[in-house]
Amino acid sequence: MKVSVIIPAHNAGSWVEKAVSSAFKQTRPPDEVIVSSDGSTDDTVALAVSAGARVLDLPKGNANVARNAGVGASSGELLFFLDADDWFEPDKIERHLETHSQGLWSFVIDPATMVDEDGQRGRLAGPALDAPLAYSSFTRRRFWYGGSTFSVQRSRLDAIGGWREELRSQQDIDVWLRLAHRHGPAYVLGTSHTWYRQTAGSTSRSPKLVMTNLDVLTRGLPFLTFSQKRTLRSHVIFTAADNLPLREALPLLASVGDRVYDPRFLKAIARSLANRRLPAENSLSVQS
1 MKVSVIIPAH NAGSWVEKAV SSAFKQTRPP DEVIVSSDGS TDDTVALAVS AGARVLDLPK
61 GNANVARNAG VGASSGELLF FLDADDWFEP DKIERHLETH SQGLWSFVID PATMVDEDGQ
121 RGRLAGPALD APLAYSSFTR RRFWYGGSTF SVQRSRLDAI GGWREELRSQ QDIDVWLRLA
181 HRHGPAYVLG TSHTWYRQTA GSTSRSPKLV MTNLDVLTRG LPFLTFSQKR TLRSHVIFTA
241 ADNLPLREAL PLLASVGDRV YDPRFLKAIA RSLANRRLPA ENSLSVQS
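Residue numbers (my numbering): 1 to 288.
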């Protein structure tokens with residue numbers, strides 16, 4: 001099976017060489033690595049080319065536009081997505097291919113290992129299950145593994161229309177929900193083969209924009225029940241509130257005031273209090 005690795009990148013000169021190198025240095029190397037530069041104004045394009053990637057130098061859009069462009073330019077039957085500030089373990093492609101060969105799963109995930117800005121290894125981004133996972137599970141924060149963790153057959157991604165370019169965050173959750181609803185359960189590996197770098201966000205998000213994006217997200221998931229949409233909305237809001245100072249988090253938390261019994265409600269307030277000194281422009285990290 002021909003394999004493509006697609007790397008969306010915006011001003012990722014500090015990271016992109018490591019990402020590209022990790023994609024090539026696999027026990028089963030990919031057939032191509034494509035970097036979709038989303039209007040980069042730094043040395044992202046030059047560094048990606050020097051690392052051996054094929055580069056699409058695109059006008060500024062967003063990460064989903066870049067991903068879709070990468071898919072359109074690729075020739076692989078199996079697609080891997082890698083954010084430019086993350087990287088793969090050398091056996092990632094091999095392990096995913098082994099699982100895809102069973103032909104049973106809509107996509108394959110391995111839980112990422114988090115790394116902070118000081119290079120300290122942290123927890124896994126989600127549970128290492130070594131088991132299938134139904135679409136409804138992706139409405140819960142516990143199973144949000146990160147965008148660099150999954151691989152999917154091109155035909156299955158094409159069948160759902162690819163990435164929704166109108167979304168500015170939660171795009172991975174959206175794709176997973178639509179894939180697993182249409183094609184059946186995903187499979188989550190029992191070991192991590194992805195490194196997820198936690199960095200300060202560069203894109204501001206006001207509570208109003210969080211809610212607007214959330215409305216767009218849920219409108220595109222008509223198959224979710226009322227209860228599933230409610231669960232998804234509350235987890236998106238709690239996650240956003242975690243990263244905002246309390247004065248900005250309160251309008252979001254007020255919209256899920258009927259869930260004050262949820263332990264995450266109090267956790268979001270506590271984390272927002274801890275963020276009280278953060279400047280508003282850096283308070284919420286989302287993908288560009």
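Don't read these hints as lab results, they were simulated from the structure.
Here the structure is a predicted model, which means the values were calculated and not measured.
One thing to keep in mind: the hints can contain errors.
[What the hints assert, rightly or not] Here are the simulated DSBU-like cross-link-like pairs (lysine-lysine), alpha carbons at most 30 Å apart as the crow flies:
1) Lys208 to Lys229
2) Lys267 to Lys60
3) Lys208 to Lys267
Hint check:
no. : hint             : verdict
1   : Lys208 to Lys229 : holds (19 Å)
2   : Lys267 to Lys60  : violated (36 Å)
3   : Lys208 to Lys267 : holds (21 Å)
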